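Visitor: Position chains B, C and D against the provided structure of chain A, taking the given hints into account.
There are 4 protein chains.
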Amino acid sequence: MAGNTFGKLFKLTTFGESHGAAIGGVIDGCPSGIKLDFEAIQNELDRRKPGQSKIVTQRKEPDTVEFYSGIFEGVTTGTPIGFVIHNTNQKSKDYSHIKDVYRPSHADYTYDKKYGVRDYRGGGRSSARETASRVVAGAIAKQFLSAIKINAFTSSVGEIFVEKPYQELDFSKIESNVIRCPDEASANKMIAKVQEIKKQGDTIGGTITCVLQNVAVGLGEPVFDKLHAELGKAMLSINAVKGFEYGSGFCGAKMKGSEHNDLFNEDGSTKTNLSGGVQGGISNGMDIYFRVAFKPVATVIQKQDALNSSGEIVEMQGKGRHDPCVVPRAVPIVEAMAALVLADYTLLRRQESQNWD
Amino acid sequence: MAGNTFGKLFKLTTFGESHGAAIGGVIDGCPSGIKLDFEAIQNELDRRKPGQSKIVTQRKEPDTVEFYSGIFEGVTTGTPIGFVIHNTNQKSKDYSHIKDVYRPSHADYTYDKKYGVRDYRGGGRSSARETASRVVAGAIAKQFLSAIKINAFTSSVGEIFVEKPYQELDFSKIESNVIRCPDEASANKMIAKVQEIKKQGDTIGGTITCVLQNVAVGLGEPVFDKLHAELGKAMLSINAVKGFEYGSGFCGAKMKGSEHNDLFNEDGSTKTNLSGGVQGGISNGMDIYFRVAFKPVATVIQKQDALNSSGEIVEMQGKGRHDPCVVPRAVPIVEAMAALVLADYTLLRRQESQNWD
Amino acid sequence: MAGNTFGKLFKLTTFGESHGAAIGGVIDGCPSGIKLDFEAIQNELDRRKPGQSKIVTQRKEPDTVEFYSGIFEGVTTGTPIGFVIHNTNQKSKDYSHIKDVYRPSHADYTYDKKYGVRDYRGGGRSSARETASRVVAGAIAKQFLSAIKINAFTSSVGEIFVEKPYQELDFSKIESNVIRCPDEASANKMIAKVQEIKKQGDTIGGTITCVLQNVAVGLGEPVFDKLHAELGKAMLSINAVKGFEYGSGFCGAKMKGSEHNDLFNEDGSTKTNLSGGVQGGISNGMDIYFRVAFKPVATVIQKQDALNSSGEIVEMQGKGRHDPCVVPRAVPIVEAMAALVLADYTLLRRQESQNWD
Amino acid sequence: MAGNTFGKLFKLTTFGESHGAAIGGVIDGCPSGIKLDFEAIQNELDRRKPGQSKIVTQRKEPDTVEFYSGIFEGVTTGTPIGFVIHNTNQKSKDYSHIKDVYRPSHADYTYDKKYGVRDYRGGGRSSARETASRVVAGAIAKQFLSAIKINAFTSSVGEIFVEKPYQELDFSKIESNVIRCPDEASANKMIAKVQEIKKQGDTIGGTITCVLQNVAVGLGEPVFDKLHAELGKAMLSINAVKGFEYGSGFCGAKMKGSEHNDLFNEDGSTKTNLSGGVQGGISNGMDIYFRVAFKPVATVIQKQDALNSSGEIVEMQGKGRHDPCVVPRAVPIVEAMAALVLADYTLLRRQESQNWD
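Chains as they are written, first to last, in this note's numbering: chain A, 563 to 919; chain B, 563 to 919; chain C, 563 to 919; chain D, 563 to 919.
The shape of chain A in the complex, shown without the other chains (with noise of 0.2 Å):
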């Protein structure tokens, strides 16, 4: 398996397990001369960290991250930037009991399967705790970014949508909520929403917006690394999404040309932007602005039935700390990734671009 790396020229590549002894990764390419604020990285890890609220998983991780080079006297140096997080809360007994079992919706069959081999703790590398090195990453593409505006918010829970669009939102409320949506009417039913399907023991699906703002002109590379594509390929590498759509997406292919034309201004600007801010993969200096659809968590606190390695089905109960929806805390993680991409797609940009001549 040698997939664990993204990006072209900002370059990400994560390693660690659930329960190993720390999760970590290694940045190459970041650009030199970068003076890091970090606080800004370890806030972005606050975001995304377990107990941070009563509507997530209740476990206690501090996520401090430690740098261990590519930084000298607080600026990056242009070498590759090594990082690494501890694990302080390896319960690992609390497994135990899945050693031998595939749960259903889990990994741990296809891993056991493709690997012959497994380290059962908690999903080891199938868990979302890796996304904590994405998120490292993606806080310090955005200092390299400072001048795009990287926006997401949860859009729905379940069957609660915000009805408004999101040039109607204000994004500074995202934070003035724990679950993440500016739209207080809809957040406050959103989380409601959460409470109630936590006290079932189930868990519940949902859907996070991302809006991406003064993207320059120019970025992406057709024609198979078109910018929505991997944009797209990113989000889908993020644990438990199903689905991702950009500007008209899925409505989009309902509708006539005459009415998803966007017609332009003089000054290149578009009057509508169903394209989303991007024509034949590459930027038009619109928003760009996409759609993640996050599945329910697969472990709910009930009896099922899951499989174990001797082929024999057996009843399980799911325990643990879970999140009852995982779409709070996946949003940290979804500016992240599109912080690498749009990193990544500005250094390619550099090395082709006419103005550097």
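No lab work stands behind these hints: they were computed from the structure. All values derive from a computational prediction rather than experimental measurement. Fair warning: there could be bad hints in the mix.
All copies of an identical chain are treated as equivalent in the list; a pair is satisfied when it fits inside any one copy or across any two copies.
Okay, derived cross-link-like pairs now, EDC-like style, lysine to aspartate or glutamate, Cα gap no bigger than 20 Å in a straight line [unchecked claim]:
no., residue 1, residue 2
1, K735, D764
2, K761, E721
3, K597, E628
4, K661, D829
5, K881, D732
6, K661, E635
7, K711, D849
8, K761, D662
9, K865, D764
10, K760, E821
11, K755, E821
12, K735, E635
Guide: The following block gives chains B, C and D in isolation, referenced to the frame of chain A:
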């Protein structure tokens, strides 16, 4: 721009503009010893080619592929397969009227801003003509993957959807109608819709569903190169695609974990398949299915405002012979890209598999 | 096999066998806006082509390149440049006698064992004919790198060496003789040597020295992709190459640090240049120079024992029209590969350079 | 800079500066199911570490490696192996005197010009300390490649060469002396030479020969990723290396084809092996052997002129504890890089081999 290669071990690199001398590509990494069925390859090209029916563009291109290397006495040699499709229908004058004009919702503007120079003839590199090279490579990948069944079909045109789940459809009927929908009743409604739209000089969007059967367990490279993430990128790299979902997709985001989990049978298969054949980014042996959203073609045969390179809004009249709905011709392209992903991941799986030791 | 692409941002993918319909390649990542000099490209091909003088193979191949894409009105567009050279001289019957025979010190045996199938006609993919595609790409890279001076020349044939250091040679004389050695006295001895060897039906090895001047400071990507490491790989990928050294090379391994260190001038240049223009894998602005060793061509026009596919030793008589010494025709190939490395590293440098911000 | 990853399927990414908190790396693509011998890994580190004998630097670093992931109950899991070596001996003040000084024939100047910022403490990223991470990964690759014998040894120091061909040497004697030369007589001369040089406060270069035995037929990816080309790049990426030759190498460039050709035995082996075990870039089953040239260490304990960042020539006095000859400590590094190349190409071979079908 170096985004014209797809794949890690089974690699396709394409070249060519819609109105240049030729398009083509290089397939590097195709295993040796595959006896090729050249008729099958040409047949896939014929499914994609213009002029094949009343509901697609009436342009005529024979789209005959010539192979220059990598094949000896009809068998692949393991060396790169170079191929070319000559463009026989370059009516460049058709495009003189848009030389300095950026058409709405086309890539004219972004290509010009990105590269500072532009082949304005019919979209050049951004034209879907490039996908003919993908179909050639996909047809070869299919022959390498002969055990896997790959079937795509039109699942909606505008508001007209196939009601039945794919399990109730007879894939052998896909080619029995020009819209490529195996459900005859729906097909007829879709065809009528496209003809009505065409009369209006308008265009319409649609969706394609693709089903991959008999895929071995263990394909996929966590964490970033998950099988469904690469399938998503592959589909999003196709012209006019706005969204991708697999398994339960966006509907899954409305569900509860207790409803969504796929319970096991003793043989490791699952009673339901909301997961869509992938767990943790790795195939589990169940059907892989996904849905792709296509926007309506941007070229409408109506008067529209456009922008010229001097920054003036000018009225233009859509001309030429264009598709009122891209979906039927996109069916073989979706299959081709799926085949390329599966071929690549099959080779990745080979090198890591314990079974080979 | 997927080893037919060279470069990270300025990428060349080649295809083609010596006796197939055509060879060619795709250049992906060439910047847009370069006005190409097609005569200069053909001139490089002519320097490499067979039949150009009495001391090279008398095969006749016009080696005319056709460009299919990536160029519009004579200017690069930033899209992939697809090109083809048709093989006009496929005397396949010349090779029927070696259909089942593995020639000594050729790639017949290893290709057959690796791929299980083999295009036996004249070495197929392992033939140096493939390098014509490299020369086309290198010629375009040279035009992108117009500020850099790239000069290679024959520095030895057998035991005959150019005595003078390169600084005392007039590179404008390289093309003044058929062996491509700028020192006339040495050139004449080398030419006489090759003619003597040719009479014997034998072949002889030699070395090529290459000098890169006006290279900017800062090219190279530590730690694995050091500039000289990539130059070394590029040269070692050329047929018949057995060794590479840069700067002081193998002689440097005999020296003391106090002798070997290059002391600085105040402008950052150095008084000596045993380093060969690279420090820590990064160009320092001084001349980059290196030497490449070529073995004698394996095909001798003499009786030799060979192995057949049934495991029998059989006597064979070398036939055909072969080079008695590969070095003069390899000079433009060495330059082409150097140009590809410099183009690639120039683009890599662009994206990271603070100067562009 | 994103040049810190080596390999295609068996990938090593390293990070770390000589005087940062730690160095380390991530091995991605190591097959699962390998029971690791941790003592063997530490033993390789001990062969490279400083302070191991009188003729190397007297710095003391325990160089203890910690594994953070990818290993469960002593067995590789197929997930990325993250590891760290903490720097216990960061005497940063030792380097304050060179804060603004570019030492001759070091990378100080080029790093500063390339990145615009520099960790001046002991060379930072350009220090050979980084190679400890390569040795860790190489030690794991060796365990994956247990059937292959990898032996490197010191073949020259200054003008003192081992006269015997490698076939006459007993590799079990390599570790029997501190210079790592299996020929005792030559070893003693080399050791005396290094001690003499050290007394002078000077340094001296040397060469290492490496022999790879029991390599399967068919490793190598023509045309650009030929096995010997990748070995060459791997060796040239090691600090202080100035040249690489394999098989007949530079001597082969003086020979005639009739002398140089390796005639076959009936089993496909060859009577001679001037080819060095590789034909057309693919291993042929014979021994692979190559020679690597190392320049003398640039830090001499003498007065020298240097350049400061203000463009002034200043006198400096080499300080610190440095190697008078890098070759004995480089022996395990050469083996490690050879192991990484063989592991990578073995995986590449697996995926393409017909035998696995």
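Visitor: So, for every hint listed, does it hold in this structure?
Guide: Verification of the hints:
When the C-alpha separation of K735 and D764 is checked against a cutoff of 20 Å, the pair qualifies neither within a copy, at 28 Å, nor between copies, at 41 Å. Proximity of K761 and E721 under a CA criterion of 20 Å is satisfied intra-copy only: 18 Å inside one chain copy versus 39 Å between copies. For a Cα distance limit of 20 Å, the shortest separation of K597 from E628 inside one copy, 17 Å, qualifies, whereas the shortest one across copies, 30 Å, does not. Taking CA atoms no more than 20 Å apart as the test, K661 paired with D829 passes between copies only; the shortest distance there is 19 Å, against 62 Å inside one copy.
Taking the shortest alpha-carbon separations for K881 and D732, neither the intra-copy value of 38 Å nor the inter-copy value of 43 Å comes in at or below 20 Å. Only between protomers do K661 and E635 lie at most 20 Å apart by alpha-carbon distance; the minimum there is 13 Å, versus 46 Å within a single protomer. When the C-alpha separation of K711 and D849 is checked against a cutoff of 20 Å, the pair qualifies only within one copy, where the shortest distance is 10 Å, while the shortest distance between copies is 40 Å. Within a single copy, K761 and D662 get their C-alpha atoms no closer than 29 Å, and across copies no closer than 63 Å, so neither meets the 20 Å cut-off.
In this assembly of identical chains, the alpha carbons of K865 and D764 lie at most 20 Å apart only when taken from the same copy (11 Å versus 54 Å across copies). In this assembly of identical chains, K760 and E821 lie within 20 Å of each other by CA distance solely across copies; the values are 15 Å between and 43 Å within a copy. In the homo-oligomer, the alpha carbons of K755 and E821 lie at most 20 Å apart only across protomers (16 Å), although the nearest pairing inside one protomer, at 36 Å, exceeds that limit. For the identical chains of this complex, K735 and E635 are neighbours neither inside a copy (34 Å) nor across copies (47 Å), given an alpha-carbon limit of 20 Å.
Against the hints set out earlier in the document, violations occur for numbers 1, 5, 8, 12.
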